[in-house]
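Engineer: One letter stands for each residue in the lines below.
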Amino acid sequence: MRYDLLLCGVGGQGIITLSEIVATAAISKDLKAIVTQDRGLAQRGGSVKAHVRMGDVHSPMIPKGHAHALLSLELWESLSYNDYVNLETVIAVSATVIPGLWSASSGKKKTPPVPNADPRRMIERIAPRSLIVDGDARVSELGVPRGTNIFMLGVIFGMDPRIRDLISADELAASIASVVRKKPEENIAIFRAGMECGKASESR
Amino acid sequence: MKKPVTRARKKLVLGNAAIAEGALESGVEVVTGYPGTPSSELIQYLAEVVIDEQLPTYVEWSINEKVALDVAVAASWSGKRALVTMKMAGLNVAADTMINVAYKGVRGGLLIYVADDPGTHAGCTEQDSRYYSLLSRLPILDAADPGDAHRLTRFGFEASEKIQLPIILRATTNVAHTMGLISLGEHPRQQREFRFEKNISNYTTILADRKDQHKRIFAKLQQFLALLDEEEFNPVLLQGDWGVLASGVSWAYLQEAIAMHGLKLSTLKLDCANPWPEGRVRALLAGCRKILVLEEQEPIAENLLRQTIAESGSSISVLGKNDGVLPRVDEYDFELVMEALSKLTGRELQTKRRSTSNSDPPKSDRSKRSLTFCIGCQHRATYFLLGRAIRKLGLKKDEVIVTGDIGCTSLGAFKPLETLWTEVTMGASIGLAHGFKIAGNSKPVIATLGDSTFFHSGIAPLINAIQHGSELTVVIMDNGWTAMTGFQPNPSTGLTALQRPATRISVSQIVASLGVPWKAIEPYKVEAAIETIVEMVKLPGVKVIVATEECALQRVRRQGPEDPYQVNPETCRACHTCTRTFACPAISEGEQHHVIDSVTCIGCGVCAFVCPFGAIEEAPSR
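Chains as they are written, first to last, in the working numbering: chain A, 156 to 359; chain B, 1024 to 1645.
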């Protein structure tokens, strides 16, 4: 038994926190857990990913093509990890766009290169079970300034019954409270709202 | 009195933190180091535990790795257990002391932790620090995962004390930066009594019998091998003709492969490549006909294995780097190990499953991210100012050599600033600048480096340049922190690793004492700073500019941001000067006019100077 979750986004979005929440919940269930994170240089505007592995696992990284779920906190970042995805992978993506420095690196007068493809269609092509949510907007609808990472964690949790078989929503909520510490009720409410959003997509 | 800390039995920790736990459980009393990815979290984690539990452990972010090791050696000679931490490049700095101390030996257990970085995630070389073990003869332990790092740390302290040699503990990025579950032990509070007996014939090199000391190292290594055997390290499992010898994180990839495909393999988990566990290796040889060696970086174990096979007169074939099965460059991963195992077993072992298509969907340019300075970083401002000052001097950016250095300041090499021409090692900016001058460069040369780098290795080359009448401008960008590696304190900070007050050493006072012209600039006071740079560059000889402004992130964390700036949509012409020559990430491009994110802007105001149309102005208070 094994569950592999790949988290990605941009430095500062709260990827490392999410990885610790999930892994802490896993070990509270006596599951083996391994988390491998990008640190150091990646904080300075770079792409960030974290491999969260649970169950009968050894390698610090998810074997290519074996991720059960991919959670991306940034729209374009979600397209960088196709190697890890298979047809059964569940993908949740926040529509958040954090401009890279493509403008700066593409010369002074040129227009930034805009790819022809629509990222939404590209994501759908990668995996049939995918969902793009405007995480930032949904969080601000809840009346809180930030928490997109926790919301999106709820979305993937709601979308994939395989992870709910390993960790219950209450167990994950307890883990949020122990890892985030600040405003536990608010964060758990954000998580549950995300989970409803994810579950709604499942029943569609 | 602080409440006693109840410790959970098991904890998920980074490999670096697992070593910190192992050290505290071993009763380490002195911990020193210099920050460097991927090693820095060890002392950061350990310091937090020491503060939290009010342990008597002494913890120091030293000025550089050599000083860190010197301090730890004296602690060990005094009978204390000591740990010193660094990245691979730092071991080059500490190597002088390390190689010498191998002769003199230690008393209290002394562990030298070095983090290697195959794959160069941290922007350094793929140095294999095991060569330092062969060079210094000091034993080296290689961790495969955080649990292993924890166990090897505890063993390392015991063994070091028994054989009276320092021991090197090595982890690579995918061990140091991986979180795994460890069982926590108690942190003893007992302190050993200080005792250092005068013994000139051992502790001075000049009076010691160096050849006798050298000879003793080899006897100690035999003793170490016996200790490894006693504790069942380098375990051998015999099942079948195919053998695998694996060290470090490769062992974890191998275990994943065995679990996924139900492989029956004979294995040796190599916990220590030097001293070479000849007996264990021969046990593996006895059981197999073909052996694959899985070790990242250099073929050190592989070459030793080939030697053992040759000496034993057997005809076992070896798969590894020498025959091109595996590379010497880059880190390994599960897929690479699977390919090698396919070659060993002659079976096509599948790794990928049910992919959507044979090729990956097209990746987008948009997801390519270049590294950059943080929003409001004063270093971005300083490099921008340097560019303007060079223009004002009637020169082009492409004719003024600006040497760079290690740390956040190295980001000045990235687009769009591209100010730096070179970046080599700690403090090298000044030596290189002097070298360009004496090699005949007729234009001004500017060396730039941060405060921590200046203290670490920048003072000696500055004095050297002054002594030899060089002609260069040195810009020391003093932000008060060793920021790149996670905001460790340095001599410019005024804090210790345990967050206690420390004597603050002023960069300016050091510079002033050297008797050369120097001036301070404030990077956010743009016009005045440009004037000062122009004036200083024109002066003859060595001159120093100290750009003083606390790290913007640290300042904002403590004091909150200043009022943000905003773009006036009426006057902005969307000319892109702000986004494509200055490129603060708070500014984004719009169709009609550009936008400053009022949440992330910290109000440094430099972009207002950058804008040629005066369209950026201070926003009303938030």
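These are calculated hints, taken from the structure and not from any lab test.
One thing to keep in mind: the hints can contain errors.
[To be verified] Straight-line C-alpha distance at most 25 Å; calculated BS3-like pairs for lysine-lysine:
1. Lys1466(B) <-> Lys184(A)
2. Lys1033(B) <-> Lys187(A)
3. Lys1466(B) <-> Lys1344(B)
4. Lys184(A) <-> Lys1033(B)
Engineer: Going back to the hint list, which numbers does this structure go against?
Structural biologist: When the structure is compared with the hints, numbers 1 and 3 turn out to be violated.
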